[in-house]
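Number of protein chains: 4
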Amino acid sequence: MTRQHTRLEDFRVVGERLRNWGRWGPEDERGTINFITPERLVAAGRLICRGAIFDLGIPFDKSGPQDGAFRSNPLHMMSETGAGQDFPGGFKFADDYVLMPLQCASQWDALAHVHYDGLLYNGFPADGITTKGAEHCSIDKQAKGIAGRGVLLDIAALKGVDWLEAGTVIEPEDLDEACERQGGVEVGTGDILLVRTGWRRKFLSEGDPAAFMAGEPGLGQACCAWLHEREVAAVGSDNWAIEVLPGESPDAFLPVHLILIRDMGMSLGEILDFEELAEDCHRDGVWDFFFAAPPLKITHAIGSPINPVVIK
Amino acid sequence: MTRQHTRLEDFRVVGERLRNWGRWGPEDERGTINFITPERLVAAGRLICRGAIFDLGIPFDKSGPQDGAFRSNPLHMMSETGAGQDFPGGFKFADDYVLMPLQCASQWDALAHVHYDGLLYNGFPADGITTKGAEHCSIDKQAKGIAGRGVLLDIAALKGVDWLEAGTVIEPEDLDEACERQGGVEVGTGDILLVRTGWRRKFLSEGDPAAFMAGEPGLGQACCAWLHEREVAAVGSDNWAIEVLPGESPDAFLPVHLILIRDMGMSLGEILDFEELAEDCHRDGVWDFFFAAPPLKITHAIGSPINPVVIK
Amino acid sequence: MTRQHTRLEDFRVVGERLRNWGRWGPEDERGTINFITPERLVAAGRLICRGAIFDLGIPFDKSGPQDGAFRSNPLHMMSETGAGQDFPGGFKFADDYVLMPLQCASQWDALAHVHYDGLLYNGFPADGITTKGAEHCSIDKQAKGIAGRGVLLDIAALKGVDWLEAGTVIEPEDLDEACERQGGVEVGTGDILLVRTGWRRKFLSEGDPAAFMAGEPGLGQACCAWLHEREVAAVGSDNWAIEVLPGESPDAFLPVHLILIRDMGMSLGEILDFEELAEDCHRDGVWDFFFAAPPLKITHAIGSPINPVVIK
Amino acid sequence: MTRQHTRLEDFRVVGERLRNWGRWGPEDERGTINFITPERLVAAGRLICRGAIFDLGIPFDKSGPQDGAFRSNPLHMMSETGAGQDFPGGFKFADDYVLMPLQCASQWDALAHVHYDGLLYNGFPADGITTKGAEHCSIDKQAKGIAGRGVLLDIAALKGVDWLEAGTVIEPEDLDEACERQGGVEVGTGDILLVRTGWRRKFLSEGDPAAFMAGEPGLGQACCAWLHEREVAAVGSDNWAIEVLPGESPDAFLPVHLILIRDMGMSLGEILDFEELAEDCHRDGVWDFFFAAPPLKITHAIGSPINPVVIK
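Protein chains in written order, with this note's numbering: chain A, 1 to 312; chain B, 1 to 312; chain C, 1 to 312; chain D, 1 to 312.
Hints listed in this document are in silico derivations from the structure and should not be mistaken for laboratory results.
Be aware that one or more of the hints could be misleading.
[As the list claims (entries may be wrong)] Cross-link-like lysine to aspartate or glutamate pairs, in silico, DMTMM-like; alpha carbons within 25 Å at most:
hint, chain 1, residue 1, chain 2, residue 2
1, B, 62, A, 135
2, D, 159, D, 127
3, A, 159, A, 173
4, D, 132, B, 127
5, A, 159, A, 176
6, A, 132, B, 67
7, A, 132, B, 127
8, A, 132, D, 180
9, B, 132, D, 127
10, C, 62, A, 95
11, D, 132, C, 208
Using the sequences and the hints, build the whole thing.
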């Protein structure tokens, strides 16, 4: 878990090697979600054994982790409370609005979220992203997902800390060790991998949005190949960008985003809360489960707020 | 299915008879979702047999069914497209916002959505609903739901029409007949009942928001007892208010809302799209399935946008 | 006032002839507002004689003229009412939000509002308009305006109607006749010309947003030269686009916008209410007055909501 | 200018003594703006001598003084840039939205902004403020204002500092001394008084929203009587609450707001920028001028964004 600036490959080289463009046809806009075949979905359903349900979404409100410098927290406004209404029979209703950056709280990144060299996943042109949204690879293209087998790897527990510090690089070896330590749980084709860094716990302990956003522990660039080999369908984390920040190299900003989303076509789930789930997994020793986090079908959108459910 | 104004009971009388207040304790804010026990959730998981997945959410965009007279369609706005950005390595990202009435498209009603005589479900005071949202029975209280066994009843097909006309009352007998016609499928404790009226098909055919909102076919008041007896956990429909509009009596506005939500504590799922699912069910003759529609945890909110997934 | 499709010049030819690019230097982003010199501003102040004040803004609320097909009316939401607050001494406060298209009600068009052939007013590149707003010619560049001598020409009264019909072309001769009929009032350098078509009265009479937006009476293309010769600083109207709709030629959409804004550099004030002012002018025979309508300094914005004041 | 906690009168006593309720009739919702008679407006117009115009609004954008803890800065979003449009003749247009707390930048407080003991200005019931806005004393009731004679008093200059520190109380004696120092300028009936504390300069120097909002120098409670005696129509300042913060007594929050707005019926203009104007006034020795700041007519609203113009 030490920083290895000297050995870091150029992300473009890695991206080219791991690229899934054309793998599911030239028109594909779903990427690695395609790994979740009907068979795997059926198998995921079989993981519902105890009927215990967990929700991984954080509360959407002003107490969220955004400090306003980049994104703001959701703004919830009431348009009706029932006061002043005069309907037959005494009917009263309440109604409300929300305004939010689509990626301000628990959320999926659409495959249109990041790009480089003018191209999105599967070679779609980046200039299809305009004031009207994304012509290709928007989140509504994942409408039928994202459900399947989830696996939680608790890296903070592996390292024996409440949370990893910002800038801590999670290496493939860490993922392997966590699998081994967690009873030999395996991560395979079509799985949704959830990586616990403890960053949510830090926020819950400190309540400091600026500290939450200033950096984070997360996946290092080398993990991209690990995810590629195992044909993982999606990755989620309790931090806000999946990957380590500050990054491993000053020459690339968010290279894991670029490789996973743009080259591999992998949706990322961010700002999730694994606290209750992790506690349960430590207790019963079962680290895989049914997972479902359907995105809202916001047309042409770059992301979607979510509240993933896990059922064991 | 004829209108029976003369025989209609006062909704307060029905509400009092079917009231579930206190049934799950004096502090309960989840209502009939409590019918979904771990056992039933495990049984629901067993319905995932083919690995076929369906999404019941409608697209969230300007083409939605709101005509602006009451609620408006979602407003999606881009804050970043990648243009003008200068990050190390050529990283580019897109980002966006949404503003929407929480009940403008596919959505759950929170139990705080309607009230009468100053009280919400379980006797919570209605004046707890203020500019700050709902103190009790807000949608985030359903965070761990709403997942379980779903059953689709296709009433439009039962009646042999593309869609029922606005004002058409669905009676308990219609629900029974649909069960029988659909291979004897049963609706029982903890089920999420989905009622297809064809109203979504009408909107897709005509594209007329004003016509969609002007009225609708839907459940008549007598269905409340039917749902109560079967201990249904939640009801969803392809119309926008579950119940028939104009209503059965000029003396009560949305009485089914009042009885189901306020007295029985039942969450309603509205503006859903059953078209693809119904077609599949007609084909394979299987009308029950695993259903999951986790609400966003918008604190103190009156509803939540959703994209329910169904897996068979 | 008949339609003259056959004789209509190409708007590009007219635009080139009337173009003010470079007139106030290569960096100018204020256009014809530059006609309002200190001397003219002093003279405008001398028109304050009776101390009678008029407001030309329409109410900003849901009853506005937008039908939602293009723009929506302002959305006003309360965040605080005083309820539930606990400050020392019993202090209570209310607070609120507004969301609106900047051009949904009474408003100035920024010079960045329209363009053709890739260029804005004064030759600024149109691709400086991005998701971040307008790099050049945004409304905040008019921050010190727009105040000066206003002149109202009541064309509806000239024609003896409550309102002109949609599609009615106002010709230069109409403007001249109105001047003559209104006691020989003159329109000259640095004036803000207000053209009353009666379209606001129509909306107030009928309350029909769709009818208000479907078309309108307004300036024909020939008026551009008239305004250019007189060195008018800005034009306002009680319709929503200053110019006639449907337009005089099927080959050009909103050509008056293009010539006035993009070529001449003239700000347009739209959706104004002249009813009370016109009545007063008819009464006292004074058709010129002090006018002030400072735009909000919304950085990089394409327009600004306003409530112009007139003082006689 | 030292803190005088011991001598401070209860604000309710002061409020009762200075109360203007009924002064302009039982239905009045405009308060001290009524002091601006036609005669005074005509006199104000005579102050336009040089034709020099100043704008007192701050830029409305993300760089504003809100730190998000209470209010947020304006959010400006583009809906159209011209890209992808296909109109006859090559017409292209840009369009945009703004979302903002109405009091996040330069703004008028409506008389409905604050209240105590259940009553607003002129005795209107505070419970008329609901999710729908204010039934009485909303900002649109000031639609025909606020224009008249403005007077700037530069208290920071009086004290020989760039800005007064947070918590510095401005006393009536300071106002008198400033008048004397500024060539004997007088503040009288119907004037709009502008008080410069230097707080805007501090923000421009430091760029720190949290520091701007954490407290401020401003009017002490004793100034209310001074304003009352002189029959001032409105007060504006370059801070965000007119009055000193932390306040003079721990027993009352924003008592100057309560006395001025609720008892006297005075509109407050906040977060203004006097830097350019003050420099000019120091240069030419003229501290009074024509002032106009018409509020947007946002129906039932608690405030309005403004860009006041001053003309000398």
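Cross-check of the supplied hints:
no., hint, in the structure
1, B:62 / A:135, "16 Å, holds"
2, D:159 / D:127, "43 Å, violated"
3, A:159 / A:173, "12 Å, holds"
4, D:132 / B:127, "16 Å, holds"
5, A:159 / A:176, "13 Å, holds"
6, A:132 / B:67, "21 Å, holds"
7, A:132 / B:127, "41 Å, violated"
8, A:132 / D:180, "59 Å, violated"
9, B:132 / D:127, "16 Å, holds"
10, C:62 / A:95, "16 Å, holds"
11, D:132 / C:208, "23 Å, holds"
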